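This is what each chain is made of:
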Amino acid sequence: MAKVRGRGIASVSYPTGMNLGGDPTQALVFCQPTGGFSVKLASTDLGQGLKTVIQQIAAETLGVPLESVVVDTGDTDSAPHCMGTFASRGTHRVGNAVIMAAQEARRALLEVAAEELEASPDDLDISDGVISVRGVPDRTLSVFDAALAAHFKYGRTISGRGIYLKPKSTVDPETGACDPDSTVAHATTVADVEVDTETGEVTVLRLASAYEVGRQINPAMVEGQIAGGAVMGMAHALMETVYPEYPALRPHAHNLSDYLLPTTMDLPEISSVVLEYPSSNGPYGVKGVGEMTANSPIPAIINAIHDAIGVWITELPVTPEKVLRALKERDAAQSAATAAD
Amino acid sequence: MSAITVSFTLNGRATTLTVSPATTLLTALREHAQLTATKAGCSQGGCGSCTVLVNGEPTLACLTPLAHVEGQEVTTLEGITPVGGLHPLQKAFYDRFAAQCGYCTPGMIMAAKALLDRNPHPTREEIAAALSGNLCRCTGYLPILDAVEDVARQNGGGER
Amino acid sequence: MKQLGIVGQSVHRSDGLGHVTGRTTFIDDISYPHMLYISMVRSPVARGKIRSIDTSKAEAFPGVATVITAKDVPNNLYTILCLIGIGPNDEPVLAEDEVMYEGEPICAVVAESEEIAREAASLVKLDIEELEPVLDVEYALRPEAPKIKKWGTNTFTYDGKDHCQIRFGDVERGFAEADEIVTGTYQLSPIEHAPIETHVCVAKPEPDGRLTVHTNTQALYFTLDNTAIILKMPSNRIRMIGGTVGGGFGGKVDVLTEPITCIAALKTGRPVKWRWTREEETRCSSTRAAVKIEMTDGVMRDGRIVARKVRSLQDAGAYHRHSPYGAMKHMVNVVGPYTIPNVWVDVYCVYTNRQPSSAMRGFGVTEASFAVEVQMDRIAKAIGMDPWEIRLRNAYRNGDMRPFGKITEDATLIETIQAAAKLVGHELPPELAQMHSNDEGGYAAAQRATA
Ligand code: FES
Ligand code: FES
Numbered sequence: 001m002a003k004v005r006g007r008g009i010a011s012v013s014y015p016t017g018m019n020l021g022g023d024p025t026q027a028l029v030f031c032q033p034t035g036g037f038s039v040k041l042a043s044t045d046l047g048q049g050l051k052t053v054i055q056q057i058a059a060e061t062l063g064v065p066l067e068s069v070v071v072d073t074g075d076t077d078s079a080p081h082c083m084g085t086f087a088s089r090g091t092h093r094v095g096n097a098v099i100m101a102a103q104e105a106r107r108a109l110l111e112v113a114a115e116e117l118e119a120s121p122d123d124l125d126i127s128d129g130v131i132s133v134r135g136v137p138d139r140t141l142s143v144f145d146a147a148l149a150a151h152f153k154y155g156r157t158i159s160g161r162g163i164y165l166k167p168k169s170t171v172d173p174e175t176g177a178c179d180p181d182s183t184v185a186h187a188t189t190v191a192d193v194e195v196d197t198e199t200g201e202v203t204v205l206r207l208a209s210a211y212e213v214g215r216q217i218n219p220a221m222v223e224g225q226i227a228g229g230a231v232m233g234m235a236h237a238l239m240e241t242v243y244p245e246y247p248a249l250r251p252h253a254h255n256l257s258d259y260l261l262p263t264t265m266d267l268p269e270i271s272s273v274v275l276e277y278p279s280s281n282g283p284y285g286v287k288g289v290g291e292m293t294a295n296s297p298i299p300a301i302i303n304a305i306h307d308a309i310g311v312w313i314t315e316l317p318v319t320p321e322k323v324l325r326a327l328k329e330r331d332a333a334q335s336a337a338t339a340a341d
Numbered sequence: 001m002s003a004i005t006v007s008f009t010l011n012g013r014a015t016t017l018t019v020s021p022a023t024t025l026l027t028a029l030r031e032h033a034q035l036t037a038t039k040a041g042c043s044q045g046g047c048g049s050c051t052v053l054v055n056g057e058p059t060l061a062c063l064t065p066l067a068h069v070e071g072q073e074v075t076t077l078e079g080i081t082p083v084g085g086l087h088p089l090q091k092a093f094y095d096r097f098a099a100q101c102g103y104c105t106p107g108m109i110m111a112a113k114a115l116l117d118r119n120p121h122p123t124r125e126e127i128a129a130a131l132s133g134n135l136c137r138c139t140g141y142l143p144i145l146d147a148v149e150d151v152a153r154q155n156g157g158g159e160r
Numbered sequence: 001m002k003q004l005g006i007v008g009q010s011v012h013r014s015d016g017l018g019h020v021t022g023r024t025t026f027i028d029d030i031s032y033p034h035m036l037y038i039s040m041v042r043s044p045v046a047r048g049k050i051r052s053i054d055t056s057k058a059e060a061f062p063g064v065a066t067v068i069t070a071k072d073v074p075n076n077l078y079t080i081l082c083l084i085g086i087g088p089n090d091e092p093v094l095a096e097d098e099v100m101y102e103g104e105p106i107c108a109v110v111a112e113s114e115e116i117a118r119e120a121a122s123l124v125k126l127d128i129e130e131l132e133p134v135l136d137v138e139y140a141l142r143p144e145a146p147k148i149k150k151w152g153t154n155t156f157t158y159d160g161k162d163h164c165q166i167r168f169g170d171v172e173r174g175f176a177e178a179d180e181i182v183t184g185t186y187q188l189s190p191i192e193h194a195p196i197e198t199h200v201c202v203a204k205p206e207p208d209g210r211l212t213v214h215t216n217t218q219a220l221y222f223t224l225d226n227t228a229i230i231l232k233m234p235s236n237r238i239r240m241i242g243g244t245v246g247g248g249f250g251g252k253v254d255v256l257t258e259p260i261t262c263i264a265a266l267k268t269g270r271p272v273k274w275r276w277t278r279e280e281e282t283r284c285s286s287t288r289a290a291v292k293i294e295m296t297d298g299v300m301r302d303g304r305i306v307a308r309k310v311r312s313l314q315d316a317g318a319y320h321r322h323s324p325y326g327a328m329k330h331m332v333n334v335v336g337p338y339t340i341p342n343v344w345v346d347v348y349c350v351y352t353n354r355q356p357s358s359a360m361r362g363f364g365v366t367e368a369s370f371a372v373e374v375q376m377d378r379i380a381k382a383i384g385m386d387p388w389e390i391r392l393r394n395a396y397r398n399g400d401m402r403p404f405g406k407i408t409e410d411a412t413l414i415e416t417i418q419a420a421a422k423l424v425g426h427e428l429p430p431e432l433a434q435m436h437s438n439d440e441g442g443y444a445a446a447q448r449a450t451a
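Protein chains in written order, with my numbering: chain A, 1 to 341; chain B, 1 to 160; chain C, 1 to 451.
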């Protein structure tokens, strides 16, 4: 009986935005003479896809095709303040600021269109780059023509400023009372593992997760975060440490030959479902998913190991040596118990 | 400092570079030939982000002295990108969201190309094995394996 | 849910074509003519007093433009979170009188090439009196441990206390009432972000006296503001350009490359590039904090958790960076998404002589989730309850009071548990399958009723 299997679960919550808040982001949106929109941000895309989701959010708010929107990130000479990309704040904070800016620009555009169409701005809609009078389907004006008119006929700016700030919460130093988060996302992961009791090696066979992240702006990219985080979490549980004999300073990992990272050969089967319960304060109901995806796999794997071999190994990473040591202690305790009977 | 002159074929073109003797192929590509698709993730053979093809073989440019490619054929990601289009692997990576930050992507695609050139119908396990020296910290590898599998399938293979 | 157009669609990444063709411009792809390179001289010891730094041989080495030491840094002492009121400043840009961790930057050699810079860096003579390093967080808290921070303790000070805390309900009464006491200790490892792209910065002096800085920071303004403070320069004389990062995971928010690269550019009048080696990225950049969590729970035989006490030690390493903030985030998350009427949490941010820990994907919460969720299984085991059931019964419901005094508003933990069970084909008993986050079920309601 060298290989035993086990299953573990773990359920987590994850707060959006910097703890306590106080982390603003601003956005500028403007329209070019022929109807192209530019979104100016000093926010950073780390690979999670911020530029793309912001393009989607801006296009949705403005009512123009995705291709009409260019998102320019990353120049402090041309874009106002953003706190930065961390704390799963990007889509929530930047998205809210962009919606505010885009709504202002949209309003300016509609005011120009209202004059051209001889209608009230409140009766106008923009969809797919066409402005129309509600209920009068043949009275339309393209965004292209409205933008031209704004620039060259009316001398009007079509632009918008946006900001999002959750004011910083105080913390009661005695009780810890505070308002730490804007919204909270959730996940549950089921891990199936196989433990080789001879070598101590743990193989993660499967990580199956259910996520609830508010509205998804781009489901494929949400899935990308889930898979990437699952593998990072698995490696945190089983492989990674800078100081293998922590707290000792030696050994100390130097490079990628002694700091073990997961490779294509270490992959479990990964599957997920995503539930959508829109948040009240996120852009279109977003909560956020960037960071939390590495969290639930770790305890789920530890619990699965316990399910397989009956011991809690709660010092990360769970290396084969630790598994063998734990098995030895388990067996010693069992035989001591039998002897005592 | 002394210099050496190395002549080789780079993305189909005869190329001659004069560099200091210790210059690696990676530095030569990025800093002398201005081909920056090939990335320097570690410069010590640990990550695969510098993978290029030397005579069709996947090769870590950071561990290869430029002098070693004298007379050889070197192919980088720039060399397989058709003008105004995408190589099937590039298209598959794009469609599968297999690049998140994109830093591992050039090396991944070159390693995958080396595999598919050698074996047009690899199994998923063979794909994983061929890419096992290429690290990606973002994707968890699944979309990368999916992308390569897509191309293998277009090649008429890859079914398990 | 409102029907939307483009929101909710899996459109292609806007930077995807750049990524797959290798044409996305990352910072290391940016070079300027006449550019110089940096190699950093770093501390060989974990703790010591600097007696002297002799840079003369390095300065005289052919191809070296300059060597930068603490004297060249206008505001050498900083802490990045000073912007949100965390202090005091405790980290030198370049070490001055002491070194606090192995790998701490001491002086920067600026030269015509990386090879020259590296070779010259090896000629810098350091005279450091080695001191006993403090490495163990428990030891660091003991009275006999050397005090490594200038303010005379080894902990961050929160409102006059050596820890931050939650006090909710009466935890001792909860323990007294409990049928079982369940304890667990959890130790997380310090891990590396390991982005495939290491830290890179290019700074270029402009003719008008401004600086153009290309950086792969995760936070441009954060970096701009801190750099301006360190350089004692108005921030609008610095232009930060970035926005494209080859993986961050929290590892690129510490403002570690930009100030020195800027100083090198100003001092030499030439563009300067500093790119970290993989070894620097692994050994010297921040890590996720190693966190030790002791958790004690009072549990009723029916599965109710009636009290939770937590003592958590965050190994901050040598300097604040983001750890004092992370400890507070940890504090509010370490109870987990469960409704527990009596809670006591003490979180310590402890300094040791190792590379500083800082932000990393989910920090504060990742560690909390690990401890809480293994603890939930321990509790289930202790009272003989199924791990699905213990979670569903204790899961917080909307309307429940959190231990930090906030009413739960957007709980969906139960729904994810049920969906996960479905995903793996695990059938839940009808009572559990019917629970939801707005129900009056679970233990919270019972607790509210008895309170
Ligand atoms: S750069 Fe060559 S293997 Fe990492
Ligand atoms: S996509 Fe970021 S490392 Fe692979």
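Hints in this document: simulated from the structure, not taken from any laboratory. Bear in mind the structure is a predicted one, so any value in this text is a computation, not a measurement. Keep in mind that a hint or two might mislead.
[Stated by the list, open to error] List of simulated lysine-lysine pairs, DSS-like, C-alpha gap at most 30 angstroms:
1) C:K71 with A:K168
2) A:K322 with C:K381
3) C:K147 with C:K71
4) C:K204 with A:K168
5) C:K149 with C:K71
6) C:K232 with A:K3
7) A:K168 with C:K422
8) C:K309 with A:K168
9) C:K381 with A:K168
10) C:K381 with A:K3
11) C:K406 with A:K322
[Said to hold, decoys possible] Residues from chain A that keep clear of chain C, each with C-beta distances beyond 10 angstroms, as calculated:
12) S13
13) F30
14) L117
15) V133
16) P137
17) R156
18) A177
19) P219
20) P299
21) L327
22) K328
23) R330
Every residue, glycine too, gets a C-beta built ideally from N, C-alpha and C.
Status of each hint after checking the structure:
1. C:K71 with A:K168: 37 angstroms, violated
2. A:K322 with C:K381: 22 angstroms, holds
3. C:K147 with C:K71: 26 angstroms, holds
4. C:K204 with A:K168: 36 angstroms, violated
5. C:K149 with C:K71: Holds. K149 (chain C) to K71 (chain C) sits at ~22 angstroms (cutoff 30 angstroms).
6. C:K232 with A:K3: 62 angstroms, violated
7. A:K168 with C:K422: 39 angstroms, violated
8. C:K309 with A:K168: The given pair, whose Cα atoms are some 27 angstroms apart, holds under the 30 angstroms limit.
9. C:K381 with A:K168: 41 angstroms, violated
10. C:K381 with A:K3: 23 angstroms, holds
11. C:K406 with A:K322: Judged against 30 angstroms, a Cα distance of about 40 angstroms means the pair is violated.
12. S13: At roughly 4 angstroms from the nearest Cβ of chain C, S13 (chain A) sits no farther out than 10 angstroms, so the non-interface label is violated.
13. F30: Answer for F30 (chain A): holds, closest chain C Cβ roughly 18 angstroms.
14. L117: With a cut-off of 10 angstroms, L117 (chain A) remains clear of chain C, as the shortest Cβ separation is near 22 angstroms.
15. V133: For V133 (chain A), whose nearest Cβ neighbour in chain C is about 20 angstroms away, the distance exceeds 10 angstroms, so it holds.
16. P137: 18 angstroms, holds
17. R156: 26 angstroms, holds
18. A177: 4 angstroms, violated
19. P219: Incorrect as stated: the minimum Cβ-Cβ distance to chain C is 5 angstroms, not above 10 angstroms.
20. P299: The claim breaks: P299 (chain A) does not keep its Cβ more than 10 angstroms from every Cβ of chain C (closest is about 3 angstroms).
21. L327: 18 angstroms, holds
22. K328: 19 angstroms, holds
23. R330: 14 angstroms, holds
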